[in-house]
Amino acid sequence: MSTVSEQDKQAFRQEVSAWLQANKPADPGFLLPQSFMEVGSEQQLDFLRAWQHKVWNAGYLGMAWPKQYGGQGVDPVFQSIADQEMRRQAVPICFNVIGLGWAGPLINDIGTEEEKARYLKGILTGEDIWCQGFSEPDHGSDLGNAQTRAVRDGDDYVINGTKIWTTMGNFAKYMILLARTNPAAERKYDGLSFFLAPMQVPGIDPRPIRKLTGEYGFTETFFTDARIPASCLMGEEGQGWKIAMKTLQYERGAEAGAAGGLAFVRIVIDDMIQQLADVERDGAPVLQDPAVRDQLVQLIMEEKAVVLGDRRAGIGPLTTDYPFSLPLSNKLRFTESTRRMRQLAINLQGADGGLYVGDADSRQGGFWQRAYLNSFSATIGGGTSQVQANIIAEHILGLPK
Amino acid sequence: MSVSGSVLGSTALSFSEDQAMVLDVARSFCRDKSTIAAVRALLESEQGFDPEIWRQMVDMGWPGMALPEAVGGSGLGIAAMVPVMEAMGRSLLGGPLLSSVLASQLLLRARESPAEDALLATLAAGAPATVALLDSHDWGASRIRCELGADGVLQGSKQQVMDAAVAEWFVVVAQQAGEPVLVLVAAADVPVSARRDHSLIDCTRRAQAIDFSAIKVAEAAVVRGPRVASALRDLRLLGALLVAAEAGGSAAACLDTTVEYLKTRKQFGKLIGSYQALKHPCVDILIGVDSTRSFVYHAATLLTEDALDRDAEIACRMAKTQATETLKFAGDRAIQFHGGMGFTWECDAQLYVRRAQWTQQAFGDAQHHRKQLASLLLDR
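Here the protein sequences come in this chain order: Z and W.
Using my numbering, you'd call the opening residue of the first sequence number 1 and step up by one each time.
Using my numbering, you'd call the opening residue of the second sequence number 1 and step up by one each time.
Please note: incorrect hints may appear among the correct ones.
Cut-off 30 angstroms, straight-line C-alpha distance, at most; resulting in silico cross-link-like pairs (DSS-like, lysine-lysine) [claimed, not checked]: (1) W:Lys216 x Z:Lys331; (2) Z:Lys401 x W:Lys266; (3) Z:Lys401 x Z:Lys242; (4) Z:Lys188 x W:Lys263; (5) Z:Lys401 x W:Lys270; (6) Z:Lys121 x Z:Lys242; (7) Z:Lys401 x W:Lys263; (8) Z:Lys246 x Z:Lys211; (9) Z:Lys24 x Z:Lys173; (10) Z:Lys188 x Z:Lys242; (11) W:Lys371 x Z:Lys188; (12) Z:Lys173 x Z:Lys211; (13) Z:Lys331 x Z:Lys246; (14) Z:Lys9 x Z:Lys24; (15) Z:Lys331 x W:Lys371.
Output of the computed footprint for chain Z on chain W, the stretches with three or more beta carbons under 8 angstroms from beta carbons of chain Z [to be verified]: (16) 120–132; (17) 257–267; (18) 295–308; (19) 362–373.
Here are a few chain W residues that sit away from chain Z, every Cβ distance over 10 angstroms (derived from the structure) [unchecked claim]: (20) Gln19; (21) Arg111; (22) Glu116; (23) Gly273; (24) Lys279; (25) Phe329.
FYI, nobody ran anything at the bench for these hints, they're computed from the structure.
All values derive from a computational prediction rather than experimental measurement.
Here a beta-carbon is modelled for each residue, glycine too, at the ideal position from N, C-alpha and C.
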């Protein structure tokens, strides 16, 4: 628990709020990514890198990380407040999310002195972009079955295989890599190892994947006899699964060890209702159509239920039935309701619903069309909704596999 | 705390130590006293509940729990009834508590000076009472049809008067010269010939249709004044919330019943719970149960003895909407997932699907509340 006084928190909130207001960048005139999974051009990258550097330089990123590695060494509650303000003011994202929220906290947590000194600061400044090499083309949801091979050869490991959904793979300097060092291990999980791997070595070929939005943001990354130094191994051989699972715990924000910053532009139901203000349907405002109103209320309730669920999750006597059901179902509820909301937003635009990014007549430059198509990254990535439902059914309700 | 300016409005949710204690006590009481066997034994009984268990509920002070100490209550407020209703719903425990609590809340909120109301003290002490509210099947009707003449004679019928057979007092919602009034009628003044037992889809409940015509009341038995209209509005919202709390408990129990069956029943050599077509709807029900609980206790957080404000109204309506949809789906799937067994009286799934149908209409269905919510949320 934080021991910071309410007064100090309040004062800090005002400080960071004022700084953001004064320093929030102007509209750059090109489409900005709504999440770190949408950085497709050098132009976007340069813009976001400059913004993240500015936030760090002002002291609002990695606040809870140690000073000697570029942090501020203060209570994580300050970072949480900074994150909340960034979200509230809808500033651009801090794009280096795999570094800030996965690799960085992990290195900070279990890395050696040398690893900390080498990696942490570059993550915060945005200089060193990190990507993640967990998923494989044939093993999307079944991470434990990863088949990319790492074979020890003298002072190197030789990597062969393919990773997919590598965010910013074509821009990244480092990758957190899950690869199989022992194919003979009895349990598939025990054959995996975890690497902090360089990306700019011969034999690593990241090929950009064009997404359904028409944009880029991910690569499929091919490894052909790529040699990385043996010192890239994190922990010991065979600990890969354990370490990979550990990276997931930092998702809960600064209090859990993440550096902070905004990973997603939050799109809420208010944004959608606002965009409908001048839309007409059957000769009257769409917001007066009873069928539409009924659907909107259902979506408002879905969004509110997630917020209320987060609050109730912290109240012991109200979570006795299935103590982990709220945290475990959160991803499923939130991502599915987001997808439905964005889908309805297009639905309610009338003929404009058929326009896309690039059309001068499209509403908000095709914002909702793009946002809807992108929303599948959340209902598929990190375990599809269907896999999530299986996990909840089996681990919370105790239904058989 | 509220998300300022957002259409989400207030997102406050807290749970007091009093509420936690009440929940704990109520859950074990209901679990012990209202086993499924006990519930089944009462389904086709005349009274529909066990008078001895009702006496124990009175002894624990539940009828007066939400009433102020000045009238002999415990002063815990209506928020403390929410965990009780949830616990009763979970164990399908019947009896006149809901009716009595709503009747006393209506009086409390309509009276200019409740402390002087002798009837409130009687109700706090456990005399069963009920509100005669519905003039027709339309929960959203704005016009009151039951009339109180200038001569003090009532004219009109009420339907679905809950627990009417055991109520010692009726709070009859009527109008006089266009103004809403509450008329207090003792059970002894309502002849048997004016009462007709309803046959309800939820066999754990009892209700009557009552013709109050020609019953003459004294002026002292009429509650009138500026607070009556707002008390009636609050009654409908509190009714919606308490039914929602009860439904949340019933839906949780229904889910447990279904899941238990899916873990034991085998077909084609496999436990049927391993099929995703059955698994995933169970997760949907769980999510609905979770949302119901969140909405219900969020609403409870916003309730006071004062007239309900906008946030509280939104919360009560959302709670009822969510609870209704959740229990309907849970009951419906419970029958289907029990297969042929689910089609029988013997299978417990029928208890929940029947309750779901009663629950959905009580104090307005989901569409009704969403329509009201649309005005509250979208026409700002």
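### Task
Find the hints from earlier in the document that the structure breaks and name them by number, from lowest to highest.
1, 11, 16, 20, 23, 24
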